[in-house]
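Given only the sequences and the hints, what does the whole structure look like? Please build it.
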Amino acid sequence: NAGVTQTPKFQVLKTGQSMTLQCAQDMNHEYMSWYRQDPGMGLRLIHYSVGAGITDQGEVPNGYNVSRSTTEDFPLRLLSAAPSQTSVYFCASSYTRDSYGYTFGSGTRLTVV
Amino acid sequence: SQQGEEDPQALSIQEGENATMNCSYKTSINNLQWYRQNSGRGLVHLILIRSNEREKHSGRLRVTLDTSKKSSSLLITASRAADTASYFCATQLKETSGSRLTFGEGTQLTVNP
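Here the protein sequences line up with chains A and B, keeping their order.
All residue numbers for the first sequence refer to this note's numbering, where the first residue is 1 and numbers rise by one.
All residue numbers for the second sequence refer to this note's numbering, where the first residue is 1 and numbers rise by one.
Treat the hints as calculated values from the structure; they're not laboratory data.
It is possible that some hints are incorrect.
To be verified - Dumping the calculated EDC-like pairs for lysine to aspartate or glutamate here, alpha-carbon to alpha-carbon at most 20 Å:
#, chain 1, residue 1, chain 2, residue 2
1, B, Lys-26, A, Glu-59
2, B, Lys-94, B, Glu-5
3, B, Lys-94, A, Glu-30
4, B, Lys-94, A, Asp-56
5, B, Lys-94, A, Glu-59
This is the structure we're talking about:
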């Protein structure tokens with residue numbers, strides 16, 4: 001089924017550990033983004049990409065790295081996990097033209113202890 | 001800071017009633033989008049309205065946009081229990097084109113059977 005696939009769905013990390021959240025889409029979308037969702041704060045943009053090889057920082061990029069080597073994949077790396085990074089993470093993708101909305105993945109619930 | 005702010009934060013109605021949610025934003029936009037999020041799930045795109053449009057319909061949804069007041073409203077007519085969800089507005093700013101979405105904090109809608 002076409003869409004945005006995120007793995008894992010759940011993850012518990014210890015403070016200081018690193019990990020990569022995976023995101024893949026099969027719709028040939030140029031735009032991809034990572035958001036975090038915290039209670040009462042809506043969704044905040046972490047990093048985004050407008051195409052393979054091109055990434056940029058969003059609103060809350062500290063502590064996270066991204067790369068975009070292919071159109072399909074946009075992994076998010078946590079360098080050294082902190083309790084403040086406990087959140088639900090969503091990956092989303094879209095065509096470039098402004099008349100399209102974004103397709104979201106089902107999310108990764110991350111807990112840092 | 002969040003670009004969009006939804007009002008009310010929570011809304012509880014009876015099945016069959018109409019539900020109206022409002023969104024205000026701060027800077028010039030290319031378009032404004034509405035998303036729905038069921039509990040524990042990813043966001044689903046509902047409707048997009050461009051800055052040069054004033055009203056748009058999709059099924060039981062009606063969206064209006066007033067760029068002079070920097071505000072939008074989402075009307076759900078003849079609500080159903082299945083409409084229970086959080087609803088978010090998101091803006092694409094003129095200066096960032098389609099690569100970034102900025103979300104509000106959402107309205108939690110409860111439709112009682």
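Worksheet item: Straight-line Cα separation of Lys-94 of chain B and Glu-30 of chain A no greater than 20 Å?
Response: With a Cα-Cα distance of about 19 Å, the restraint between Lys-94 of chain B and Glu-30 of chain A holds, given a limit of 20 Å.
Practice prompt. Quickly compare the C-alpha distance for Lys-94 of chain B and Asp-56 of chain A to 20 Å and report which way the hint goes.
Written response: holds (17 Å)
Item to complete: Mind checking the alpha carbons of Lys-26 of chain B and Glu-59 of chain A for me, to see if they're no more than 20 Å apart?
Response: holds (16 Å)
Worksheet item: Is the hinted pair Lys-94 of chain B and Glu-5 of chain B satisfied, with a Cα-Cα distance of at most 20 Å?
Response: holds (18 Å)
Worksheet item: Is the straight-line distance between the alpha-carbon of Lys-94 of chain B and that of Glu-59 of chain A 20 Å or less?
Response: holds (17 Å)
Hint compliance for this structure: no hint is broken.
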